[in-house]
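Asks: Here are the chains, one letter per residue:
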Amino acid sequence: MNADAKTIRSGRMHYCPVCGHTIAQRMIGDVIDELGIRERTIGTAPVGCAVLLYDYFNCDIIECPHGRIPAVATGIKRMRPENIVFAYGGDGDLLSIGLAETIHCANRGENITMIFINNAVYGMTGGQMAPTTLIGQKTITTPEGRMSTLTGAPLRICEMFDTLASPVFIERVAVHDAPHMHRAKQAIRKAFQNQIEGKGFSFVEILSMCPTHWKMAGKDACQFVGNEMAGYFSIKKFRDVDA
Amino acid sequence: MENEKTLVMGNVAMSEAAVRAGCRFYAGYPITPQNEVSEYLAKRLPEVGGVFVQAESELAAINMVFGAASTGERAMTSSSSPGISLMQEAISYLAAAQIPCLIANIMRGGPGLGNIQGSQADYFQATRGGGHGDYRLIVLAPWSVQEMYDLTIRGFELGDQYRNPVMLLADGILGQMAESIELKKPGKQKPVPKNWALTGCAGRKPNVVRTLYLQEKDALEQKNAELQAKYELITRELQLSEARFEKDAEIAVIAYGTSARIAHWAVKRARESGIKVGLFRPITLWPFPATALREIAAHCRKLLVVEMSQGQMIEDVRLSRIPATGVDPKIEFLGRGGGWYPKPKELLAKIMEIAK
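Protein chains in written order, with numbering that gives the first Met the number 0: chain W, 0 to 242; chain D, 0 to 355.
Keep in mind that a hint or two might mislead.
[Claimed, not checked] So these bits of chain D aren't anywhere near chain W, every CB distance computed over 10 Å:
1. Leu6
2. Pro110
3. Leu112
4. Glu178
5. Lys183
6. Lys184
7. Pro190
8. Leu237
9. His263
10. Ser272
11. Gln309
12. Lys329
13. Lys355
[To be verified] DEER-style ranges, computed between Cβ atoms:
14. Asp241/W / Glu181/D: 50 to 56 Å
15. Asn1/W / Arg293/D: 53 to 59 Å
16. His65/W / Gln227/D: 24 to 30 Å
I should point out that these hints are in silico values taken from the structure, not numbers from a laboratory.
All figures in this text were calculated on a predicted structure; none of them were measured in a lab.
Positions of the beta carbon are idealized from the N, C-alpha and C atoms, including for glycine.
Required output: the full structure, derived from the provided sequences and hints.
Replies: Shown next as structure tokens:
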């Protein structure tokens, strides 16, 4: 009931050490606080490790069926244009089972903020191959490493979105070190600011660590993002309608 | 549709009724035989400040409705059998989260891609769940274009009253058929407070629409108990049906929707031949009006279930625990599958045959 309350509730999150979800969600919370929009915000919780997001965010939240975050967010925003809607999901949710919803939501130019956590693996279910798993990367369903001959190449959604006319902001960022975190937060802030100003669909892809399912130490996982993931998924701003 | 009386298709009557009931969101994906709904609402909803979205799939459509209805607004989607199958996961979520909305299934022949004729073969899907988990939809079965209109309004009211998704279960014939109807004004239902709605948390604690109960001890079992208590309440309060020529009936024809329309004609003709036959028409398919059926069946020696399917509602007739009486009614069946309907004379002949 306190208008000055923080968006992220106090207490621990359940994520593993060095997990990108913790960093990304705290950044989103900080941005919502800085913009003073907590009481107007309606967020989505995905299926997967981040499903418990509703326990961490001190604002209205809806937990969505797997893959349907962009559709649910569309329904909310169309009915409540005065509210601020953020759609938060991982690579399985937004790029595999929900790819159609993700692309059509972007293509309609829904005035929402979409945050995409790309950690190249399914976390909650135990480390299966994701659409973004790198070539050669070992997962429990690619025990010899991902082979493009069998499973194709990792999906680059920012590049796909960049072929669409409607999105106003597309940026890929990373959270494996402080300078990149700084840029990531700026991108998130811009993606929310655009929605407040009614500009349209804004998208931030966050390259994130999953040390548990990558079977790496935290430090190595951060290096994997900086060296391997960033080598395939270019960290850059693809589109900014204001630039 | 300004006049109080108009000649209109079932699909359009339902659409206009939704607007008049205060529905302000529709999302749908093209599928025959219900395309008139989106054609009509694409033009009509913006006139009243509402939102029409042509979704990329039925999955997206029902999930857009999930989002829109979660804000507390009246929202609906419509489709036909294969499309309704695609929506089942989200319908389970809507029921679990207790989000009211209207889902219209203008049934066509199945299984598979089937055909585009009217059918009643989705009775099991509508009344038994369709999606996963222990849940129920309120299922309304109109038998005329007038009822396509009336039950749409009633459906939105019942959804809000019980915080439950409602399915309007009609078929391609009702959707495509034009009849003269009266555009009744919705009754003045006392607005149901929606303090669960997602509107932003200004001045209150945050609302969370969720269906996952992973960690809290017994929470999911308690949630199920809460749902079951509601379903028992609905079963007690909401068994809608209509009976005709039933007072002295020795034979009762039991049918809903288009089947009941055909049966009504056959029952009248049989009466002209002196056969004591009545018609029992369930209007709510869930909850099934077993109480009223039992009263009529108590004085019947035979019951004839008529469906545009291979026999689905007949299970609810059997489950209605019709008490054994001196006459102990025998349950007969006439059904047509594959998107076809019983011919009026075929049905009349069946009544005459079992009356012997």
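Asks: For every hint, state whether the structure bears it out.
Replies: Consistency of the hints with the structure:
no.: 1; hint: Leu6; in the structure: holds, 33 Å
no.: 2; hint: Pro110; in the structure: holds, 24 Å
no.: 3; hint: Leu112; in the structure: holds, 20 Å
no.: 4; hint: Glu178; in the structure: holds, 33 Å
no.: 5; hint: Lys183; in the structure: holds, 27 Å
no.: 6; hint: Lys184; in the structure: holds, 24 Å
no.: 7; hint: Pro190; in the structure: holds, 17 Å
no.: 8; hint: Leu237; in the structure: holds, 27 Å
no.: 9; hint: His263; in the structure: holds, 40 Å
no.: 10; hint: Ser272; in the structure: holds, 55 Å
no.: 11; hint: Gln309; in the structure: holds, 31 Å
no.: 12; hint: Lys329; in the structure: holds, 45 Å
no.: 13; hint: Lys355; in the structure: holds, 54 Å
no.: 14; hint: Asp241/W / Glu181/D: 50 to 56 Å; in the structure: holds, 55 Å
no.: 15; hint: Asn1/W / Arg293/D: 53 to 59 Å; in the structure: holds, 57 Å
no.: 16; hint: His65/W / Gln227/D: 24 to 30 Å; in the structure: holds, 26 Å
The structure meets every hint from the earlier list without exception.
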